[in-house]
Amino acid sequence: MPTLGDYLLVSGLLFSIGLAGVLLRRNLLIIFMSLELMLNAANLSLVAFARHSVTAFGLPDYNAQVLVFFIITVAAAEVAVGLAIIVALYRLRQTTHVEDLNGMKF
Amino acid sequence: MLTILFWAFSVLMLAAAIAVVVFRNPVNSAMSLVLSFLALAALFITLDAFFIGIIQVLVYAGAVMVLFLFIIMLLDLKAETRRRLNIAALAGGLAVLGGFAVLITQIIKSLPSSTDHFPTLARTGYSDGYEIGMTLFTDFNLPFQIIGVLLLVSTVGVVTLSRRSLR
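As they're listed, the protein sequences go chains A and B. Start counting the first sequence at 1; every next residue gets the next number (the numbering used here). Start counting the second sequence at 107; every next residue gets the next number (the numbering used here).
Isolated chain A, as found in the complex (with noise of 0.2 Å):
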């Protein structure tokens, strides 16, 4: 049976994946894609510890699920900002590649 070590294990090594795309990648998709992988991570994690937790009736802790459900639902908004974002950005510059947008560098 895997425990929760073997959960979390995993959740962080994809936590770690998303993090090297944000930072090794220069395409403003595919960092967003990574963003949404270490998102990811976090509600595994949160999903193991919920099953860990058992309450007193024998049932998982929902309270954790629910934040779970919070989670994907404020990802999804952030999603269709983000993307409405990186196209009026693609209007306006003819580019999603991050070290072509230096506009605002000091």
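What the hints contain is simulated information worked out from the structure, not anything from laboratory work. Bear in mind that the values here come from a model prediction, so they are computed numbers and not experimental data. Fair warning: there could be bad hints in the mix.
[What the hints assert, rightly or not] Okay, the calculated beta carbon distance ranges per label pair:
hint : chain 1 : residue 1 : chain 2 : residue 2 : range
1    : A       : Arg93     : B       : Ala195    : 20 to 26 Å
2    : B       : Val133    : A       : Gly58     : 42 to 48 Å
3    : B       : Asn192    : A       : Arg93     : 20 to 26 Å
Glycine is no exception: its CB is placed at the ideal position from the N, C-alpha and C atoms.
With chain A held as given, fit chain B onto it using these hints.
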């Protein structure tokens, strides 16, 4: 059996996540992201979180990924694939990330409850969706309403942002 399924879906999810970062073409990355989200939904179901697993498939693998693919097709991103990689920056980034992964592994190993097996659940007559609905509409009623306002604001914001006359 559950152990085999857990490791199979974990390896599938991590491999698809690595493919998201490695592929140069954004369409391939988006398809790998769909695979990663589906395997993650299977992992949620191995944790007895059926409602969250279904929501993961519907919202992430469905709605969010259609949005991503739509935007990728809309912006013609062919020119992005022929940039050269900076080898020194790549090596430095990979070293930092390897250190980060080792750090997370060590912290999880030192956690006292990390070798615990999950306790067995009681058999109640109610489904997973019933319990989540009860929690959502009683204890978390105000946050639920606020999330509704947030979705309305983001809808209006997207409509405003994607108007053609934005300057």
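Consistency of the hints with the structure:
no. : hint                           : result
1   : A:Arg93 - B:Ala195: 20 to 26 Å : holds (23 Å)
2   : B:Val133 - A:Gly58: 42 to 48 Å : holds (46 Å)
3   : B:Asn192 - A:Arg93: 20 to 26 Å : holds (22 Å)
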